[in-house]
Each structure stands twice: as structure tokens, then as C-alpha cells.
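Assemble the whole structure, with the sequences as input and the hints as a guide.
Protein chains: 2
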Amino acid sequence: MNININTDENLAPIGIFDSGVGGLTVAREIIRQLPNESIVYFGDTARVPYGSKSKGTIIKYSRQIVRFLQTRKVKAIVIACNTASALALDELQNEFELPIIGVVKSGAKTAVANTYTKRIGVIGTEGTIHSQIYTKVIHEYDAEAVVIGRPCPLFVPLVEEGWLHDTVTDEVARRYLSEFDDKNIDSLILGCTHYPLLRSTIKKIMGERVNLINPAYETALNLRELLSANNLTSPLETIADSRMHKFYVSDTPEKFQAFGNSIDLPFYIEKVEQINIEAF
Amino acid sequence: MNININTDENLAPIGIFDSGVGGLTVAREIIRQLPNESIVYFGDTARVPYGSKSKGTIIKYSRQIVRFLQTRKVKAIVIACNTASALALDELQNEFELPIIGVVKSGAKTAVANTYTKRIGVIGTEGTIHSQIYTKVIHEYDAEAVVIGRPCPLFVPLVEEGWLHDTVTDEVARRYLSEFDDKNIDSLILGCTHYPLLRSTIKKIMGERVNLINPAYETALNLRELLSANNLTSPLETIADSRMHKFYVSDTPEKFQAFGNSIDLPFYIEKVEQINIEAF
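Same order as they appear, the protein sequences are chains A and B.
Numbered according to the working numbering, the first sequence terminates at residue 382, and the numbering increases by one at each position without gaps.
Numbered according to the working numbering, the second sequence terminates at residue 382, and the numbering increases by one at each position without gaps.
A hint or two may mislead.
One copy or two, it doesn't matter: identical chains are merged, so the pair holds either way.
Computed list of lysine-lysine pairs in BS3-like fashion (alpha-carbon distance at most 30 angstroms, straight line) [as the list claims (entries may be wrong)]:
#1 348 to 157
#2 175 to 348
#3 238 to 357
#4 373 to 162
Everything labelled a hint here was simulated from the structure, so no lab data went into it.
Remember, predicted model here, so these are calculated numbers, not experimental data.
Listed below in C-alpha cells is the structure:
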């Protein structure tokens, strides 16, 4: 038991951010696993997508978002976007005092813990895959693991078009995933927050022998450890009132709200506020 | 002959902007038709795409770009992006003194001049189609014309993936363009600067009887009229030195330069400069 609780800080919310709506799949997992915590979510819908943009631009955007989240008095930050985790996490950790984690480390850790063949596939945006971040982090856990990456740039627009179960999506997925033919992988990291929504299509192609890894689950576990290590866990013994959760976006709220309320969150998103992220 | 030439202003460049690289197809047409003019091109590659974003955001971004182009002392501005032409042209014309034209009016005018059935199709981004701007402008030229619009959100990512001649692109195009089955259109406006790169796919599906209209050609003609009406035509009698053309982007220059040099411009893009557009 931690007896050193500073209640104000412990009651502060957790900041979560993503380039858009995809990070809500991570927020959902955090709310499920840490039901006593409240969250402040920011989706950069005016500048989405991040996947095809440069490291410098992603760092700049992420820095603005952290500054904004600081004005909401968050106690810790989760980068729910794989691209921003890949390209900006180190920089942000150096620049800011507050604890920040990303989804990449969590995904890498889970993959290493679950692979038998030590051959791991990763799919993600161009930014994430070309950064080779998953390879680097996986090698910190297991230097012998072989990591095979493949960018899948059409997956995000296909999800946003709503073609989740569709012959076009099947064909695009078959083409992208043929990268892994004869590569003998037994684990495939879904290295973009949109991809879990294509899980059934990907599963059908990869087959039963390949384990699909969604970094969101492990990210929520890592967040719990981080809060505990920093004496930041919420002292609440009841479930946080869902009206405590706050949602912000950089473009108009309507689309974000509609998507958020379509993905089985444990509550209804009533209010989404638009802010001018460039001012931060 | 215009005898009232203020040489400094007449020698000034033409500003052209787009959300990214697509507007280079418009720049190409302007350089072909107005070879004595020099251009300053801006591609908002850090915030691309515009097609799915709100009117307020597009106006804000376009305003920043016009302010930037003013620092380059342009004498007129062409909005090469259909979405920005649809959502921001009126606002910008009200706010700024210098002459500004967009691609939408040019596309609409050509369609009206060429249709026999008075039934015109338009394809474009969600922003362009939902704004109904083409319908409004076409009705200014011909109140009886029937305009049928269809958003094609996957076309831009397919072009950017390079799948220009591909069975997946064929299938996506067939699905989107089935909107026009039995609609008896004889003209189809390619209402997004990326779409002319899919011309052969679209032609194959629409058939010989439907005229595909690329607004870029007419835009260059309209620009010539605009310059002439404002006494802004270049006094040069020789072709502008291509080193006079300037290219700016908001993200890193490499991808932009590679694309620009792949689309048959009448010169080689040697230098692309990155600027901080949010500062304007």
C-alpha cells in the first residue's frame, strides 16, 4: 500500500492522444483495465493522418499536444498513436517532466513474450515501419528475434471508408500480407490503432497459427505499472464517473463523436470540444 | 496592347497552392499555357489531405497559405485544390485584395460548354462533393443542368500508393462510378487534382460517350484572362527561366520532389523548401 498519496495529483486525469479517432481503441482498453481513472483524450483530426509525414513534423505536432494536455493538468500521458510513439516518444520524454509512454514498447514486449519461432511480423504506417522502431525495441528484449515489417498505407482509408468486411479489403490485405509468405512468423503486431478493426480480415489470411497482437491491452497494463511506480494511482475505490472523461479534437467534433460511439466504448461520448492546437 | 504596365508587378510570380502534390498537375498546365510567367507553388504536405476536413479548418489553412504567398510577392493566386476552392474561395476573395481564382469555376464552365444531355457527373473528395459547390456554380451557367456528385475517398490513397493501373483500383472505381449507371451523363468532372492520374481507369469504366473534364486546362485559360483584366500579364517575350519557379512545402521536401519529377513537368524541380506554415 502506498501511504504517500497527494490526492490532488492522484485524482488528476490521464492524457491520451492520437492523430485521430484510432486511439479510442487504446482509450477503451485503459478505461476497461483502470476503471478508477479518468482520461483526457485528444485526437488531431485537423492534421490526420500522421503515417506518411516526417519525423520533424510528428515531433512538432506531438509537442503541441503534450503542451495542450498539460493545461488540462494530466498526471501522465499515453501516446496511443504508433507513428507518434515511433517517431516522437524519446524526444518528448527528454523535453517534459511528466511520465509519458507509447504503444510501441507494449506491443514489442507482448510479441517477445509470445513468440516461439522468434520470428515476428509488424504491420503499420509508412512512418512506423520505415522508422524500424519495432525492430529496435524488440531487440532490446531479445537480440535474436527476427522482425519483418510491412507498411499497409491503404488500411487506414479502407477502415475510414467503413469497408471492414469487403472483397476489396480482402484483396488489399492479401497483397500486403503476402510479404509474410514463407517467413515462418508466429506473431503479427497490429502496429496501427486502426488495424484491430480489420482483425477478422487479417486473421482469415494469416491463419490460426499466427497470433495477432494488439498493443492496446499491454499498454493499459504498462500504464498501471507506471502510475504505481510514480505514486500516481487514483485513490478512488469506485468507478470513475464517465462524465469525468474529456474529449478534444482539432477539427469539428461530429465525425469523431459518431465514430467513438460506434466502437463499443463502455460509455456514451456526449461532448467533444474543438481546440486550436496550433496555438500550443 | 496594354500600355499601362507597371513592370515590377507584372514580373511578379503567380502563387499556386494545393493540399499537397496533386496541384502540380494544375501548375503544369499553367506553365504550358503561360510560359512567360513564373510561379510560386505551395503544397501543404504536413496537413494533407484536405478532403475529409471541415470548412472552418480549410479556410484557416488556406488563409495561412495566402499570407505566406503574399510574402513571396505574388501578383495573383490560383487555388489548385478542389476542396479549398469549394470551401474557402469566397472567404479568401473577401479577405484579400489580390486576385484569387479556384479550379471549381473553370471545371464547371467547361462542363456546361460541353454537355449535350445537360446531365453532368462530378467526382471528388467528401469535402468537395458534400459542399455541392459544383452544382451551385454549374447552375449559375445553366439553371437547367442536372448535376450528380459522388465522393471517391479511396482514389487519393490509391494514387499515392502508385496503383494507377491495377485490379484493386479498377474494382474501387467500378463501385464508385456505378453511381452514374442509368443516369445518362455525358460529362464527368474530375473534381480532385489527383484524379487525372486515374484517367485511363475511369475512361475504361465510363466509356467513350462520357467526356472526362480536367479543370486544370480551363483554369490556365481563366488565369490568363484574369491577368489581362488586371493589367498583370508578364511583359517577358521569352519563356520564363525555370529556375524562377519556386516550390515550398510544409513537410519534408523529398517525397514532393520525387513526385513532381515523375509527372512530366516541362522542367526538373531542383529545389523544394520547407516552411513553417502555422506561423502565418
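Verification of the hints:
1. When the C-alpha separation of residue 348 and residue 157 is checked against a cutoff of 30 angstroms, the pair qualifies both within a copy, at 28 angstroms, and between copies, at 24 angstroms.
2. In this assembly of identical chains, residue 175 and residue 348 lie within 30 angstroms of each other by CA distance solely inside one copy; the values are 12 angstroms within and 44 angstroms between copies.
3. Taking identical chains as interchangeable, the C-alpha atoms of residue 238 and residue 357 lie at most 30 angstroms apart only when they sit on different chains, with a minimum of 25 angstroms there against 36 angstroms within one chain.
4. Proximity of residue 373 to residue 162 under the C-alpha cut-off of 30 angstroms is found in both arrangements, the shortest distances being 27 angstroms within a copy and 23 angstroms between copies.
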